[in-house]
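Visitor: Sequence:
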Amino acid sequence: MQNQLNNLHMCWVINIVFAIIIKERYLTMFYLKNTITNYINNSDPYALQINGEWGVGKTFFINDFFKNESKIKSVYFSVSGYNSLQELKKELLLSIAIKLDEKSIVKYGNHALSIFKRFNLSNKLVLNSIAVFSDTLLETYKNSKLVKNNGKLVIILDDFERLSPNIDYQDLLGFISTEIINNFKILIISNENQIKDKEKFLLIKEKIISKTVDFSRDESILKDIIYNNTRSDFLSKNVSWLLEIISTYTDLQKINLRTIFSIIYNFEFIENKLKENPSKLDKNYREEYLKSILLNIFVIVFEIKSGNFLDRYLYQMKTHDFDNMFYIFGKNDPENYWHYLITQYHKKNKEFDEYIIYSNTITSYVVSGLWVEDNYRQNWYRIFYPNSTSSNFNKLRDFYYYSDEELIEIQTSVLSECYDDILSLDQILDRYFRLNYLKTKNLLLIEESALNNILKVLSKKIDNTQLSEYELNNLQEQLIMNQIAIDEDSRIRIESLLKEKEKQLYTEMNLNLFEAIINDDYNKENSIYNELPSKKIKIFKIILSNNLLESHIITKNNRSYLLSSFINRRYLKISNSYEYHQDEINDVEKLITKINELRNKQELGKVDSYNINVLLERLEQLLKHWKKQ
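Number 629 marks the last residue of the sequence shown (this note's numbering); no jumps.
Derived by calculation from the structure, the hints in this document are not laboratory data. Keep in mind that the hints are not guaranteed to be accurate.
[Stated by the list, open to error] Dumping the calculated EDC-like pairs for lysine to aspartate or glutamate here, alpha-carbon to alpha-carbon at most 20 Å:
id, residue 1, residue 2
1, K200, D158
2, K627, E579
3, K198, D158
4, K198, D159
5, K198, E161
If you're wondering where the values come from, they're calculated on a predicted model, not measured in any experiment.
Input sequences plus hints: build the corresponding full structure.
Guide: Below, the structure written as structure tokens:
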């Protein structure tokens, strides 16, 4: 009997604790909704004020509340952006009129409303017209279906702190008091701390506002916001986890909703992109690599919103090796962005090390909206679950343990891996080298055509993958180290593929360099210039081969002076520039000839002609500078 009582007592305690937890979790949200509902349903002839800091979600919460309350009609109106009270009145009254009786307003009064909208607001007649229209509006309200059905029309007035200095708070609140509030329910959304004439506002507000509710956002509200605004099953399932991550770095009550929405929308796009080409490994590890994506997005969004993310960091991230991501130690180096990220995020929450790799594609999309697939999943699997993609390869290396039948199965499986969307370029190369080596030992037990098929896969993958200089160098080194394992024709073929990719990379970088020069974007220019090896800077060849003279230099209102300035600081002022650019002498000579040809065909103004003359002088100086060496 005593045991039964003890068990009952324990259940009772657990229920109370659970009830307290539930109460604390939902109190804020319930309180707000309850307060608004009670205000709408009572006869209080005053307004209700919802007050809170910018970005906490006041507007979102209110609009979401009325969206879900289908029986309550509302008009949302921001008082920001109006330079006169008359203009504000007019737009507000029109908004109310359309909401009250949409059909009759549209059918009978559309023309009149459009005329009213175009009135000169400085005209005294118009001011009187607004008053008349207000009376007509109230009559429309009294005769509307809303009143007949005992309904309420709620006017939501937002952004009081952003009211134009040309509009006096006393006049605005007076208008609300005399012409609006007696017939409608008024919700005022504001951030009192940002109201410039706060003392005056506080003196006036008691005459029109009966209650002020401080909007205090809790975790439950954030959860609701994410649940209601995401189409991702993963996000819906992991809301608590996401909020736990966010709470490590900022106060959930203060985080700007735009930051959360930015995380959500970026994630949804990338998740959908990765769904297009599912991997066989996704079934087992999908949730983990999606967490990696979300954490990557979280870091970049937070860095951008805090103002810490600079353009030069994007270039650093593009050239970084995934494998070395977590092994940056020692004193914090402000010039080492990766070190900063480790200190700022990884050391504060171990889950970053457990899940994340930083993807060029993800970072570029979040920063600029550019999406170029970089085999994110393959890189992630390679780092976190190497055995999932290399077990058969290891068996291939230890071929002497297996029978012919087993080795055929292993080789077939390795070949299949190369066709799948799992392996990185270097992994495919490794498998190709290993199979080729077995061929030299007369141990390739599958069709020899398989090797050629792997090269086709490799070629396609190289073409479709955005590779950094660092990644290209790694692949070239890999080729050199394994050239003994392949025949000469295969080596030349792979080498040709990599050289063509390298050519494309440096061409693109030089084009970007020219764009930075001609747009006077020194930071971008400096970043690309420092990233490019000196011998790979071929700005003159790029200009000639892409018709950039015709489009940017020998034109009206040209910016040739920016190219002249670049030549001066990057070539003429460097005493040994000849060592790196001697093969460009011929391009400079061609450029001078081409400029003279084109300028004779164009009618240019004196300023444009002067700028082109300066450019020609700089080019001639450059030739002398190099030839004297």
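Visitor: Determine for every hint whether it applies to the structure shown.
Guide: These are the hints, each one checked on the structure:
1. K200 / D158: holds (19 Å)
2. K627 / E579: holds (11 Å)
3. K198 / D158: holds (16 Å)
4. K198 / D159: holds (14 Å)
5. K198 / E161: Given pair K198, E161 holds - Cα atoms ~9 Å apart, limit 20 Å.
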